[in-house]
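Chemist: Here's the letter readout for the chains.
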Amino acid sequence: MLLNRRHFLRAASGFGALALGDLLATESTPFSPKPPHFPATARSVIFLFMPGGPSQIDLFDHKPELRKWHGRPLPISVTKDLKLAFIKPNANAVASPRTFTRHGQSGAEISGLLPYTARLADDLCIVRGLHTDAFNHDPGELLLMTGSMQPGRPSMGAWVSYGLGSESRNLPGFVVLSSGSGPSAGSNDWSNGFLPSAFQGTPLRGTGDPILYLSNPDGFKPEMQRARLDAIRRLNEKRRRETGDVEIDARIASYELAFRMQMAAPELLDLSSEPKHLLDQYGVHREPTHQYGLHCLLARRMVERGVRFIMVSHGSWDDHNDIDKNLEKNCRVTDQPAAALIADLKQRGLLDSTLVIWGGEFGRTPMTQQQRSDIGYGRDHHPNCYSMWMAGGGIRAGETVGKTDELGLEAVEDRIHVHDLQATILHTLGFDHTRLTYLNSGRNFRLTDVAGQPVGKLLKKGLA
Amino acid sequence: MSIRPGIVVLLLASAVHAADHWSLVPVRRPQPPKANATGLPEVDRFIRARLEKEGIASSPEAPRAVLLRRLSLDLIGLPPTPAELASFLEDQQPDAWQRQVNRLLASPHYGEKWGRHWLDLARYADSDGFRSDRFRPHAWRYRQWLIDALNRDLPFDQFTLEQIAGDLLPNATRDQRIATGFHRNTLTNREGGIDPEQFRVEQVIDRTNTVGTVWLGLTVGCAQCHDHKYDPISQRDYYRLFAFFNDADEDHMDAPMPGELGPHLQARPAYDAKRREILEAHGVPRLQAEWEVGMIEAAVHPGKRLDWDHAFDDLRTDCEDGEKILRTPAATRTRRQARILTDYFLGNYARVISKERKAELKFDTVARQLRELDATLPPVSEAPVLRALDRKTHLLIRGDFKQLGEAVEPGTPAALPPLDAAGGRATRLDLARWLVSRENPLTARVAVNRIWQEYFGRGLARTSENFGNQGERPTHPELLDWLAAEFMESGWSLKHVHRLVVSSATYRQSSHSRADLAGRDPENKLFARQTRLRLTAEAIRDSALAASGLLSPEIGGPSVRPPQPGGEKNWKESTGRERYRRGMYIQLNRTAPYPLMVNFDAPNGYGALCRRGRSNTPLQALNLLNDPAFVEAARTLAWRTETEGYRDFGPRLDRMFELCLARLAAPDERDWLQSYWKTQPPAMAWTGLASVLLNLDEFITRE
Numbered sequence: 001m002l003l004n005r006r007h008f009l010r011a012a013s014g015f016g017a018l019a020l021g022d023l024l025a026t027e028s029t030p031f032s033p034k035p036p037h038f039p040a041t042a043r044s045v046i047f048l049f050m051p052g053g054p055s056q057i058d059l060f061d062h063k064p065e066l067r068k069w070h071g072r073p074l075p076i077s078v079t080k081d082l083k084l085a086f087i088k089p090n091a092n093a094v095a096s097p098r099t100f101t102r103h104g105q106s107g108a109e110i111s112g113l114l115p116y117t118a119r120l121a122d123d124l125c126i127v128r129g130l131h132t133d134a135f136n137h138d139p140g141e142l143l144l145m146t147g148s149m150q151p152g153r154p155s156m157g158a159w160v161s162y163g164l165g166s167e168s169r170n171l172p173g174f175v176v177l178s179s180g181s182g183p184s185a186g187s188n189d190w191s192n193g194f195l196p197s198a199f200q201g202t203p204l205r206g207t208g209d210p211i212l213y214l215s216n217p218d219g220f221k222p223e224m225q226r227a228r229l230d231a232i233r234r235l236n237e238k239r240r241r242e243t244g245d246v247e248i249d250a251r252i253a254s255y256e257l258a259f260r261m262q263m264a265a266p267e268l269l270d271l272s273s274e275p276k277h278l279l280d281q282y283g284v285h286r287e288p289t290h291q292y293g294l295h296c297l298l299a300r301r302m303v304e305r306g307v308r309f310i311m312v313s314h315g316s317w318d319d320h321n322d323i324d325k326n327l328e329k330n331c332r333v334t335d336q337p338a339a340a341l342i343a344d345l346k347q348r349g350l351l352d353s354t355l356v357i358w359g360g361e362f363g364r365t366p367m368t369q370q371q372r373s374d375i376g377y378g379r380d381h382h383p384n385c386y387s388m389w390m391a392g393g394g395i396r397a398g399e400t401v402g403k404t405d406e407l408g409l410e411a412v413e414d415r416i417h418v419h420d421l422q423a424t425i426l427h428t429l430g431f432d433h434t435r436l437t438y439l440n441s442g443r444n445f446r447l448t449d450v451a452g453q454p455v456g457k458l459l460k461k462g463l464a
Numbered sequence: 001m002s003i004r005p006g007i008v009v010l011l012l013a014s015a016v017h018a019a020d021h022w023s024l025v026p027v028r029r030p031q032p033p034k035a036n037a038t039g040l041p042e043v044d045r046f047i048r049a050r051l052e053k054e055g056i057a058s059s060p061e062a063p064r065a066v067l068l069r070r071l072s073l074d075l076i077g078l079p080p081t082p083a084e085l086a087s088f089l090e091d092q093q094p095d096a097w098q099r100q101v102n103r104l105l106a107s108p109h110y111g112e113k114w115g116r117h118w119l120d121l122a123r124y125a126d127s128d129g130f131r132s133d134r135f136r137p138h139a140w141r142y143r144q145w146l147i148d149a150l151n152r153d154l155p156f157d158q159f160t161l162e163q164i165a166g167d168l169l170p171n172a173t174r175d176q177r178i179a180t181g182f183h184r185n186t187l188t189n190r191e192g193g194i195d196p197e198q199f200r201v202e203q204v205i206d207r208t209n210t211v212g213t214v215w216l217g218l219t220v221g222c223a224q225c226h227d228h229k230y231d232p233i234s235q236r237d238y239y240r241l242f243a244f245f246n247d248a249d250e251d252h253m254d255a256p257m258p259g260e261l262g263p264h265l266q267a268r269p270a271y272d273a274k275r276r277e278i279l280e281a282h283g284v285p286r287l288q289a290e291w292e293v294g295m296i297e298a299a300v301h302p303g304k305r306l307d308w309d310h311a312f313d314d315l316r317t318d319c320e321d322g323e324k325i326l327r328t329p330a331a332t333r334t335r336r337q338a339r340i341l342t343d344y345f346l347g348n349y350a351r352v353i354s355k356e357r358k359a360e361l362k363f364d365t366v367a368r369q370l371r372e373l374d375a376t377l378p379p380v381s382e383a384p385v386l387r388a389l390d391r392k393t394h395l396l397i398r399g400d401f402k403q404l405g406e407a408v409e410p411g412t413p414a415a416l417p418p419l420d421a422a423g424g425r426a427t428r429l430d431l432a433r434w435l436v437s438r439e440n441p442l443t444a445r446v447a448v449n450r451i452w453q454e455y456f457g458r459g460l461a462r463t464s465e466n467f468g469n470q471g472e473r474p475t476h477p478e479l480l481d482w483l484a485a486e487f488m489e490s491g492w493s494l495k496h497v498h499r500l501v502v503s504s505a506t507y508r509q510s511s512h513s514r515a516d517l518a519g520r521d522p523e524n525k526l527f528a529r530q531t532r533l534r535l536t537a538e539a540i541r542d543s544a545l546a547a548s549g550l551l552s553p554e555i556g557g558p559s560v561r562p563p564q565p566g567g568e569k570n571w572k573e574s575t576g577r578e579r580y581r582r583g584m585y586i587q588l589n590r591t592a593p594y595p596l597m598v599n600f601d602a603p604n605g606y607g608a609l610c611r612r613g614r615s616n617t618p619l620q621a622l623n624l625l626n627d628p629a630f631v632e633a634a635r636t637l638a639w640r641t642e643t644e645g646y647r648d649f650g651p652r653l654d655r656m657f658e659l660c661l662a663r664l665a666a667p668d669e670r671d672w673l674q675s676y677w678k679t680q681p682p683a684m685a686w687t688g689l690a691s692v693l694l695n696l697d698e699f700i701t702r703e
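Taken in sequence, the protein lines are chains A and B. Anchor point for the first sequence: position 457 equals 457 in our numbering, and the numbering is continuous, going up by one each time. Anchor point for the second sequence: position 29 equals 29 in our numbering, and the numbering is continuous, going up by one each time.
Keep in mind that the hints were calculated from the coordinates and are not lab data. Since we're looking at a predicted model, the values are computed, not measured. Hints are not guaranteed to be accurate.
As the list claims (entries may be wrong) - Residues from chain B shown here face chain A by an in silico Cβ test under 8 Å; the list is partial:
id	residue
1	ALA299
2	GLY303
3	ARG532
4	PRO595
5	MET597
6	GLY607
7	ASN616
8	LEU625
9	PRO667
10	ASP671
11	TRP672
12	LEU673
13	PRO682
14	SER691
15	VAL692
16	LEU696
Ideal Cβ positions, reconstructed from N, Cα and C, are used throughout, including at glycine.
Assemble the whole structure, with the sequences as input and the hints as a guide.
Modeler: Okay, structure coming up:
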């Protein structure tokens, strides 16, 4: 960053002070676009984050064999080593009551709970062999988003904005949208960790200012805000001349970007240019899809405006109890908007350069949480195997990768650890995950910690 | 991870030469070099000698007003008042500067400013971290100890003993035990279903790594899973260090502040009687006994009744010391323990009482009545502390708490001077004494380097968190050693080191960039000038409050919650003067810190932080431009200058400049600002102008 700024200053030294300031305002922020290690297939990422742990057994990983064991414990030989949060290995198995059917050319097997997603089967890559190390929410979310189970590391979105900068002149590079009860690790999921704070995820807020402190203070009309900024700028420029400190140029640029954000954010949120049929497709202005539909639509609008990484979280999917009812509810909220997003991106020719990922921090057990008469059954956390789907951004379409055993206890083919998933995501963006590093506390840190391999099978072009 | 054979050879070679590594050789006291100018303080002689060798001139002294603002922000974290500034500018005595240094070092705000730096290292926060992020109502008691310790210049060796092992000092005082709260700033995971042993081990690891970073400047944590790749710390060394902290458990104590105890003790008999009455009236003792039988059964024979297993799991994670108290016979429980368990039982009785009986007994009202009763008892502050015990420690294979390797005894890394345990098994107190022994090559160097870093924006060794092989070598090793020797020989006086640095000409130089240095020393490694440093989040808030006159200057006490937009949980807004306390007292909820702190790089307390970032972002601009707290400061600054009697534009503007920037407006600045002011609606013009000043780069920068 600093280098960029210095280079630029040297290059621009022939301009007058005002022209210099103008140019700086557009060129010298920490978000200035930077090239990755090799050509990318994805330019931006939308992570449809489903915290809590959606049940893969009821959504993407059909296990008919479980019917034989329904209502009884699974053989202790296969369950004795499981890491379980709440239940004991001798808990009763529960077969999924859901109907699975094959969809599209690819014949992907998808649950009846996701009819809209199922229609797009040929655009998706269903990943069934994921596994993680954590069997509790906080560590699980953190491992997925930051590569470490302890809080304090930079989130994937922060790494990506640090590595690539942002294409947007007017919006932050990493934006977070959240509905439902929100992820359990909270802001740690979009933290900049030890990276400069410019790279933290900026939450778009549901009430009040969409970005914190975006509105002018009471009584400050827009022209007054501009006048205030001009006065600040004039004095800052003088200080710059007196001290010779280039950091003041960056300060001036930050104020200009802040001002442009004030203009751009309302424009981003103004949906008047979106046709009604599209709003209907996303389920905007209708329940239960309104909020999530709006967030998916905003994610697309942000991609169009150059935002690098957008996290669209909805949850929780932590169905220890009443999974039948809760899962149906979450699917009704998210299925249609997520599918609309894929279709919309595709129709606009943006899907090829936008990587979309749908998933949570772990899956759920084939066994039930304790059976009680007064509440319905549920499933416990399951780190050993679970499913996600990915689409666009250079990911193979119409594929199902990975296989679990017939009881849904372990991934047996194409096992993909969350660090591998991260390495793959970085690969689509043009990064060798071992080389996207940051020196902190005496060592070079990276998103994938000390592990991870990009998974060629997920990539259209494979691993070159 | 696989390591190629060639690298192994290199690693072995570096380990062999470990003894020669600059930071591991004993601290000697170098002679300050002779510099051309005579009568210079020692610090300057080291700096000048190097500059002279390079043929670089040092920078002229900054103007006096700049100097006082710099000194004041650096020593107490607040700008000078116009009166302080005027008195310094008029003071023509040769020792004028020294008297300012003495004044500020004696200010009780010194302990706040430098306490905040130490809190970064101590990974202080007011909440647990993780999902529940439960509020820690007593965490501040450690902060209170810290501010007081720094203000009375508690020697750093004693400062170390008390924080690392205050509980083990002979006849430990209450304050010495409170100091062990340093170790209680670890995260706590209360998520259901966790393995309590796993998170206990995580906490011990955190304590080990924190002490390694803060005192030794070594990344010992790298040896948690395997021998350190770059530094002479084996995995066995790591777990020997770990064993010191494994020999301890969390504890809790009454830590009354002056004046609290009398009224409390006086009110207690009546309170106790009333509490007993309420509990008995609702049959609580009998029902609780019944519940405890079930819980003990679940603890001893898990897997028999799932409901009780869950109830017991909940107790272990949700209730402070819950399991320990449950296992303590009722008759031998302390008052506090009995209260905790009963309060917990009242909130978690569902397992033993049917809905009908619950309604009949009016159980819901019991908790309410007790809460009301509690409010009548004058409170006594409490403190989270550490207490010693013996626990067998094993090396953990690949750092996995379930894979126990060889047994190890507490001990220090083999490559460092030996630890002398007076007899038998070494304790945390032995470790602390070893850290501050004259032979330890690291502690003093690491500490003075961090002090230098805060004054110049970079340490003499830039990587202040890593004095190992992967860290950068110091630019001025002799000066670093001289300061370390001075530090130890002064009786470990921190104020002495501060005085040495701020009395130097090097410190008083202008911070302006110099064209001649741009190519030769762009990073200012040679300190041929001072450096402009963006203020910390706390100092930005404090400066705005101070300039406007809103600042509430009380020292210490529990954390406060000034208003913030959006309904954050655990955020009952403070009222009155509490809203205007200094930034360091703002409650830090790890998962939802106060926005200003996030925007301006304050840490969340997830691990020891040796140097903060100084980022520069548009969210910072929005924060200073539009945050109602800063608008309030601007409005109050405008109001203040009016009520002080400044009517005409020029004098009133100058007054604002003095309050914000410790200088007067230059003529061109006055012209620009006047033309801005004229275009604004009269009711808003002065507030707008004040806000312009609070947003200047100069305002948020220590020049």
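Chemist: Under the constraints set out in the numbered hints, which ones does this structure not fulfil?
Modeler: 1, 5, 9, 10, 13
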